[in-house]
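The primary structure of each chain is shown beneath.
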Amino acid sequence: MSEGEVKGKVLPISKPCIGVAGKTGSWRAMRPVYDDSKCIKCRLCWLYCPENVIDLNEEEGPFIKIDYNYCKGCGICATVCPKNAIVMVPER
Amino acid sequence: MMVVKPLTGNYAAAYAAKLSRVKVVAAYPITPQTTIVEKLAQFIENGEMDAKIIRVESEHSALAAAYGAASGGVRAFTATSSQGLLYMHEMVWWVAGSRIPLVMTIVTRALGPPWNIWTDHSDIMDQRDSGWLIMMAEHNQEVLDETIKMFKITEDPRVFLPGIVGLDAFILSHTTEPVDIPDQELVDTFLPPRRQPYVFRPGDPLLMGNVPRNLKDNMRMREDIHNSLEVAKKVIEEVDEEWGKLTGRRYGGLIECYRCEDASHFIIGIGAWVGDMREAVDSLRTNGIRVGLIKVRYVRPFPHEDILKWVANAKSVIVFDRSVSAGSAGPLFLDVAAHLMAAGIRVPVKNILAGITGLDVTHEDIADAVLKSVAEVEETGKFSRFIEWYYGR
Amino acid sequence: MPVTLRDLPKEKFLLPGNASCPGCPEALGLKYLGMALGRKVILVVPAGCTSIIQGLMPGGAFIYPTFNVPFASSDAVAAGVAAAKEVLGDDAVVVAWGGDGGTADIGFATLSGAAERNDNIIHICVDNEAYMNTGIQRSSLTPYGAWTTTTWRGKRENKKELPLIMLMHKVPYVATASVGYPLDFIEKLRKAASIKGFKFIHLHAPCPVGWRFDPSKTIKVAKLAVETGMWILFEAENGKVTISPPSRPYADKSKRKPIEEYIKLQGRFRTLTKDDIKILEKAVDDAWNTILKLAGK
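These protein sequences, in sequence, are chains P, G and V. Per the numbering used here, the first sequence runs over residues 90 to 181. Per the numbering used here, the second sequence runs over residues 1233 to 1625. Per the numbering used here, the third sequence runs over residues 62 to 358.
It is worth saying that the hints were derived from the structure and are not from the lab. Wrong hints could be hidden among the right ones.
Within a straight-line C-alpha distance of at most 25 Å, the following computed BS3-like cross-link-like pairs (lysine-lysine) qualify [stated by the list, open to error]:
id	chain 1	residue 1	chain 2	residue 2
1	V	Lys314	V	Lys339
2	P	Lys154	V	Lys73
3	V	Lys101	P	Lys104
4	P	Lys172	V	Lys281
5	G	Lys1614	G	Lys1541
6	P	Lys154	V	Lys281
7	G	Lys1448	P	Lys104
8	G	Lys1614	G	Lys1604
9	V	Lys71	P	Lys104
10	P	Lys112	G	Lys1448
11	P	Lys172	V	Lys71
12	P	Lys154	V	Lys71
13	V	Lys71	P	Lys127
Residues from chain G that face chain V, not an exhaustive set, calculated with beta carbons under 10 Å [as the list claims (entries may be wrong)]:
id	residue
14	Asp1282
15	Ile1286
16	His1292
17	Ser1293
18	Pro1437
19	Leu1439
20	Arg1445
Think of the CB as a built atom: it goes at the ideal place given N, C-alpha and C, for glycine as much as any other residue.
Take the sequences, apply the hints, and build the full model.
This is the structure we're talking about:
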């Protein structure tokens, strides 16, 4: 029985999932590279990431983590970072 | 405890919605449906009916709002005709595809141009591919009864599709007939709490209608609609039986037959003029013509099994249509003929197109048209023309 | 109640790996909606980019209960859902999320009807200034001079002033917002959700693909729209207009950045002449004069 089937009916219903469009990290031409030593924890990259692939780490260690499986390489994070803690480099 | 009131067809529909405890009504007027929404507005405003009314700005929005409410988990209702029905046509398909049960009254009215408020069946027949159940009433009692029954049928988990109850413009909508109004208690016993395949609730993640990855899944959805309509045939009969036990009024389910048992020739029709067809059958019988009437109650699902059982050995079948699929033939005729053919039944079948754009058709007209057609087929064994546009005697 | 970055919830309502273009402003808007209102939202989506951002069935990119509906119908469907929720006592915020078409063109009558009836919904117009989902065709919200695939030489008509039209519907809440100012947008969403009746928020959403700029510049372009005065952030509660803090400095014409700074970043304005720019400058002045008068200044 597929996702949309309820009591034998085939319905136009979906359920949420991460990566519905696949591993969108494969779309990248440029990738963001993060340097924690420059980071001032302003949270702007986290706020402005349109893909929600930046997570904050408020414990020990690097302040942000980028999920490269889904990062599309738009470069907004690098542009909004006031300290150039994120730079865009060509995806190899 | 039944109360008999003189009711127009429109008021019968309004009473049915009230008795069915509809919670959201979407109202937009169009002649000749207007008095339905006016009555419902009165019921709601004077506290007789506990429901919300959304006085929308167009028919497209009328069905959209009713559909939104139905998808939100409550019984919803709207009504329209003709131009309004065509304006909401996109929504008609969407509601069926969503599998959301909802009941709508259609007061059948001709389409323009030119402007025309009289009855024909063009508007309702235009919806027959959509996946909605489509029922056509013969008289006002049937309008009330079938509207209540339609809530039960559409909300049955074997069905989960929306349904239309149709009635002819002015002939039923504005004509007063005595109607038994069942009491609220009876209807509450008959109608279980609403069921539907899914509901939009805050915090309950689900997405409805985004693009499918695999088109086979999409085709399966369409097939499921078709299959659910087939299954609905059984549900319609069960509900008819149950209503019959509670009220004493049985309608025969998908079709009703009048004087068919020993008939050689059959006439088939839907809607108010079926009443006139009964009189025509009686007068033809008086003149020795062994004709029977098959009243088709449900256009969708199309009751081909029931019809074929009666006409398998007929000398002829004459199908009356009050609309035409221009360039081919009347829609009821096309359904009958196709199924006869598919079942390997070789019976002469003819389409009489009459009353289109509201041209009045009396029982004498019907008898006249049938008489001439029967005479031809009795003599030659076939119909020289499969289609006849009949304008009266 | 001013919102700070630290207060914002981390729960994701827009999921990674969705079908939006890189740098998409609609994705940003959908993210901020979740930060503002979270689980209360029922999202009604007419045809547009957001229909596609959800991705393919049987999966979906949103945690919101998401109701895909025909193009012209969003506010009517939303009104129906809101009525049902009231009947059932479900605490929900019903949001119709429409683009240019679903709000200002094909959906316009539906929008106006719901506003006039004061239906209890929020309509958010996610304005990327063209019919982007079908490939960048002009809409009534496309600005003067912009290239689109149906205005190759630049649109000759002016952008329809939708916020003012909604103001004249006298609904309880009208606001403009921008993806460049998420905290302002989130505050407006929360305010709207606290009000019963019809609420309208017009969200400026610069689209890298349709406006022809590098996707890394979405926020920069959004901010320049406000800094040049071309997009004015304001809100109106029961008709009382206040200019929002990010736009306040630009009430003073001398503080506005030259509109060339905004225009030169966008390939869609490549065909603009000096006369066209003068027309746009005058339009900015007129818009500011009008809004300041409405704000009682």
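**Asked** Can you give the numbers of the hints that this structure goes against, from lowest to highest?
**Response** Hints that this structure does not satisfy do not exist here, as all of them hold.
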